[in-house]
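The sequence shown begins at 637 in this note's numbering and counts up one residue at a time.
Hints in this document: simulated from the structure, not taken from any laboratory.
Check the hints yourself; a few may be wrong.
[To be verified] DSBU-like cross-link-like pairs, simulated, lysine-lysine; straight-line CA separation at most 35 Å:
{"hint": "1", "residue 1": "Lys738", "residue 2": "Lys865"}
{"hint": "2", "residue 1": "Lys671", "residue 2": "Lys865"}
{"hint": "3", "residue 1": "Lys738", "residue 2": "Lys671"}
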Amino acid sequence: MKRRSFVRGGAGLTVGVALTGCLGIGGSNSPPPRKSDVFDDVALQGTTLQIQLLSDVEVETRRENQSNLGGGAVAGLLPVGRARAAKGAAGRGTGGYSSAPKHPHHGWAIWHGGAYGDDWRDDHDDELRMADASVATLGVAYLGSDDEYENDAPGPGPGSVSWDETWDDPEPGADLTADVASLSPGDGVREGWYRVGTELVSEDGSTNFGWQSVDMEVDNGLGEPQMDKAWYVKPRV
């Protein structure tokens, strides 16, 4: 499909990825996480991970000054983010969770979220718009133990994440399931962190908006697997 060929090998994507590294990972002048919701819900029932996608997905995009790129398709709206956080810099795992702002619907902690986002958007209002998007790829993976996640939590992109199960071009509003026991190493459900990641593209396939993910901690302390903490990990706008 046109969409998939862009995602897997487009030259525009290469330029976009290069631009994402131009912004620092922190600081009050850094853009906030983008506005974009993909999931109606992600829940764990027994060993079954239930993933419900929204029917309509929009992504907040920012128009960059890209005159030096020489025009072309990539000189339009590009997402800005990080493929991977610096080691130990993510502030996730057990650190930073209680003080992080929470998503108003899901209650997930928002990576790099904070009140500074409102001020930043006020200063960049003329650069921002919402664009229709669709899910090109959805993946689920076991990320590791709590210590492993806290010390080296991946950013929103796939980075070093090795997907255990993937879906290409899932239907809008699709209900998907995955067996958590089959994702984690060993017998049964292993405690630790799991990821549900989505790669978003424009509806015509001309723009890749990168990945955003939900990372969840699974705990067996009450006799059956339960979702404890969850982070909503998005690129900066």
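Status of each hint after checking the structure:
Pair hint Lys738 plus Lys865 holds up; C-alpha atoms about 11 Å apart against a cutoff of 35 Å. Between Lys671 and Lys865, the direct Cα distance comes to roughly 21 Å. Compliance with the 35 Å bound is thereby established for this hinted pair. Under the criterion of a C-alpha separation no larger than 35 Å, the hint pairing Lys738 with Lys671 is consistent with the structure, at around 13 Å.
Checked against the numbered hints listed earlier, the structure breaks none of them; every hint is satisfied.
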